[in-house]
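Asks: The lines below spell out each chain.
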Amino acid sequence: MSAVITASSLSKRYKTSLALDGVSFQIQPGRIVGLIGPNGAGKTTALKAILGLTDFSGQLNVLGFDPRKQRNKLMGEVCFIADVAVLPRWIRVSEVVDFVANVHPRFDRAKCEAFLARTKLQPGQRVRQMSKGMIVQLHLALVMAIDAKLLILDEPTLGLDILYRKQFYQNLLEDYFDENKTIIVTTHQVEEVEHILTDLMFIRDGKIVLDADMDAIGERFIEVMVNADEADAARGLTPLDERQVFGKSIFLFDGVSRDVLEALGETRRPSISDLFVATMKGTYA
Amino acid sequence: MKTFYWLVKREFWEHRGGFFWAPIITGGIFLLLNIMGIITAEVLGVTHGISIGASGHLQSVIAEMDAGDMSKVGIVLDVAMYSAMGLLIVVLGFVVFFYCLGALYDDRRDRSILFWKSLPISDASTVLSKVISATVLAPVIAVVVGIVVGMLQLLILAITLSFHGVNVWQLLVLAHPFKVMFNLIGYIPLYVLWALPSVGWLMLCSAWARNKPFLWAVALPVATGLLISWFGIMGLFNLPTRWFWTNVVQRSLFSVFPGTGSLFGGTPRNAPHIDGLNALDLNTTYQLLGSPDLWIGVVAGAALLAGAIWFRRWRDDS
Numbered sequence: 001m002s003a004v005i006t007a008s009s010l011s012k013r014y015k016t017s018l019a020l021d022g023v024s025f026q027i028q029p030g031r032i033v034g035l036i037g038p039n040g041a042g043k044t045t046a047l048k049a050i051l052g053l054t055d056f057s058g059q060l061n062v063l064g065f066d067p068r069k070q071r072n073k074l075m076g077e078v079c080f081i082a083d084v085a086v087l088p089r090w091i092r093v094s095e096v097v098d099f100v101a102n103v104h105p106r107f108d109r110a111k112c113e114a115f116l117a118r119t120k121l122q123p124g125q126r127v128r129q130m131s132k133g134m135i136v137q138l139h140l141a142l143v144m145a146i147d148a149k150l151l152i153l154d155e156p157t158l159g160l161d162i163l164y165r166k167q168f169y170q171n172l173l174e175d176y177f178d179e180n181k182t183i184i185v186t187t188h189q190v191e192e193v194e195h196i197l198t199d200l201m202f203i204r205d206g207k208i209v210l211d212a213d214m215d216a217i218g219e220r221f222i223e224v225m226v227n228a229d230e231a232d233a234a235r236g237l238t239p240l241d242e243r244q245v246f247g248k249s250i251f252l253f254d255g256v257s258r259d260v261l262e263a264l265g266e267t268r269r270p271s272i273s274d275l276f277v278a279t280m281k282g283t284y285a
Numbered sequence: 001m002k003t004f005y006w007l008v009k010r011e012f013w014e015h016r017g018g019f020f021w022a023p024i025i026t027g028g029i030f031l032l033l034n035i036m037g038i039i040t041a042e043v044l045g046v047t048h049g050i051s052i053g054a055s056g057h058l059q060s061v062i063a064e065m066d067a068g069d070m071s072k073v074g075i076v077l078d079v080a081m082y083s084a085m086g087l088l089i090v091v092l093g094f095v096v097f098f099y100c101l102g103a104l105y106d107d108r109r110d111r112s113i114l115f116w117k118s119l120p121i122s123d124a125s126t127v128l129s130k131v132i133s134a135t136v137l138a139p140v141i142a143v144v145v146g147i148v149v150g151m152l153q154l155l156i157l158a159i160t161l162s163f164h165g166v167n168v169w170q171l172l173v174l175a176h177p178f179k180v181m182f183n184l185i186g187y188i189p190l191y192v193l194w195a196l197p198s199v200g201w202l203m204l205c206s207a208w209a210r211n212k213p214f215l216w217a218v219a220l221p222v223a224t225g226l227l228i229s230w231f232g233i234m235g236l237f238n239l240p241t242r243w244f245w246t247n248v249v250q251r252s253l254f255s256v257f258p259g260t261g262s263l264f265g266g267t268p269r270n271a272p273h274i275d276g277l278n279a280l281d282l283n284t285t286y287q288l289l290g291s292p293d294l295w296i297g298v299v300a301g302a303a304l305l306a307g308a309i310w311f312r313r314w315r316d317d318s
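From first to last, the protein sequence lines stand for chains L and Z.
Number 281 in the working numbering belongs to position 281 of the first sequence; there are no gaps in the numbering.
Number 50 in the working numbering belongs to position 50 of the second sequence; there are no gaps in the numbering.
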């Protein structure tokens, strides 16, 4: 199957800064890609470019369309939830469902209503009367009822409590995702998406610094817990990162063979947040 | 087409207050003031012992009227019906003015544009649906409300007179409610054309301004006008000051007020003298179609709207 998104040397300059600096990547169908980066790294700009919301230089192909020129067609196949609370505050649940049902050719009203029935949302309720969590539920109900090939989530759970956050990703996985769909998600709450991602992309200062699937990451990055007496030996292997826990040192290695590391101590797969912190060291310095 | 219908419906949902309740409340207040006026007159009449028509005097006056007098009574009744519309038109002008200024700005400010832009709708249809809402939907609602209020106004007048022994139904026949309705409804297409430069300018500012669209929309033309006037006073450059104020400042800001086309638009100089209410007849008002001012405005408005669509597509600040 051909790639859902193909980007080559994507650049975007704002007045004072370079938000994207010659970025190239491909995203295959049926993947859940986490686009992770510090604030101001260019995540949102990349998503905006994919959605045709901003101009850029370089080549970008999304589902066979050029987002700059064929945005209207593209949006028939793509959905996005940008941040929480971008639903207009004056609209009612029944109105927004009516509206989307009548303007979106791929919207399945029954599916949306079934999803809404599982929430506390009332048809006459206005968005301004809802909590952030309820707004996201409504938005998710709309998006899940659209049979889109690509779903883009930009910090979809920002500011939600943990119940809503868990439920959000659970619904997404159980009721929405299948092998014909592709999801791109940016978030700072890395722990929560860790187990659902199939691919990981780290972005820093407008550049992609890591682009791999989760299996490859498990092969490539290894964490070792080393006793104090062997710490110097471990340091000799140029670890990415070192931290102390209960008198032991935990080292993170990139591309050192597992056999060598197992001799030093207990090995394990690093969490994405540890990997992220190690990779992004010195970003704000 | 279906999408467009729902886009306009969406505008109505969002602006129910301005489009629907504003004319209804204005009409209600208008009727209330009239009733209060009538009651005041009645009370004053009683306390001062003035009795109108009680002796059947008024009825006999009517009986003695000739055809010319009768038509004047008709005109008075028509004025009563138009007068309700007069107030509504002013309100409509303000509603449309501020609607246009906010139409492409408010959703950028509260970021809900990101939701609207996540749907497969072209920016051109979005902008045009807002133009139609401003120039057709809002005036149609105002005119319908105006007609209903006008009818009620006639009815109130008739009932009041009947207390004084005047046979009202005989008088009402002299009014031309259908002609009034026809004139009011028929004026809307002309309004669309005349309002276009204002709508275009206000929406361009609405789509372009990063903040305070009102300030930009008003300040830019007025400041330019002042500058031109200033040079004019100093006798420099010999700029067409008057022309600029009437054709640029006025058209870009005030053409959304219905009727300004007929008041200031280029009525042909050699037009036959029109008296009284005939000025509101369509065959008079539509003489505006012969004026180049109108058509230049339409072209300018279309260009401004094209600019608004472009900014709607590419403005990237949410």
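Calculated directly from the structure, the hints in this document are not laboratory data.
Owing to the predicted nature of the structure, the values given are computational and were not obtained by experimental measurement.
Don't take every hint at face value.
Stated by the list, open to error - 30 angstroms max Cα-Cα, derived DSSO-like pairs, lysine-lysine:
#1 Lys9/Z to Lys120/L
#2 Lys212/Z to Lys132/L
#3 Lys69/L to Lys9/Z
#4 Lys69/L to Lys120/L
#5 Lys73/L to Lys2/Z
#6 Lys15/L to Lys212/Z
#7 Lys111/L to Lys181/L
#8 Lys166/L to Lys281/L
#9 Lys132/L to Lys9/Z
#10 Lys2/Z to Lys149/L
Asks: Could you grab the alpha-carbon distance between Lys111/L and Lys181/L and see if it respects the 30 angstroms cut-off?
Replies: Holds, because 17 angstroms separates the two Cα atoms, which is no more than 30 angstroms.
Asks: Hey, Lys69/L versus Lys9/Z, does the alpha-carbon distance stay inside 30 angstroms?
Replies: Given pair Lys69/L, Lys9/Z holds - Cα atoms ~28 angstroms apart, limit 30 angstroms.
Asks: Would the hint linking Lys132/L and Lys9/Z be met if the CA-CA limit is 30 angstroms?
Replies: holds (26 angstroms)
Asks: Verify the proposed pairing of Lys166/L with Lys281/L, using a straight-line Cα cut of 30 angstroms.
Replies: Roughly 29 angstroms separates the two Cα atoms, so the pair holds.
Asks: Lys69/L and Lys120/L were given as a pair; does the straight-line alpha-carbon distance stay at or below 30 angstroms?
Replies: At roughly 40 angstroms apart (the allowed maximum being 30 angstroms), Lys120/L and Lys69/L break the hint.
Asks: Within a Cα-Cα threshold of 30 angstroms, do Lys15/L and Lys212/Z meet the stated pairing?
Replies: holds (22 angstroms)
Asks: Are Lys2/Z and Lys149/L close enough, with their CA atoms no more than 30 angstroms apart?
Replies: holds (24 angstroms)
Asks: Between Lys73/L and Lys2/Z, does the CA-CA distance stay at or below 30 angstroms?
Replies: Roughly 17 angstroms between the alpha carbons, so the hint for Lys73/L and Lys2/Z holds.
Asks: Is it true that the CA of Lys9/Z sits at most 30 angstroms from the CA of Lys120/L?
Replies: Holds: Lys9/Z and Lys120/L sit about 26 angstroms apart, inside 30 angstroms.
Asks: Taken at face value, is the distance from the CA of Lys132/L to the CA of Lys212/Z at most 30 angstroms?
Replies: Holds. Lys212/Z to Lys132/L sits at ~28 angstroms (cutoff 30 angstroms).
Hint compliance for this structure: hint 4 alone is broken.
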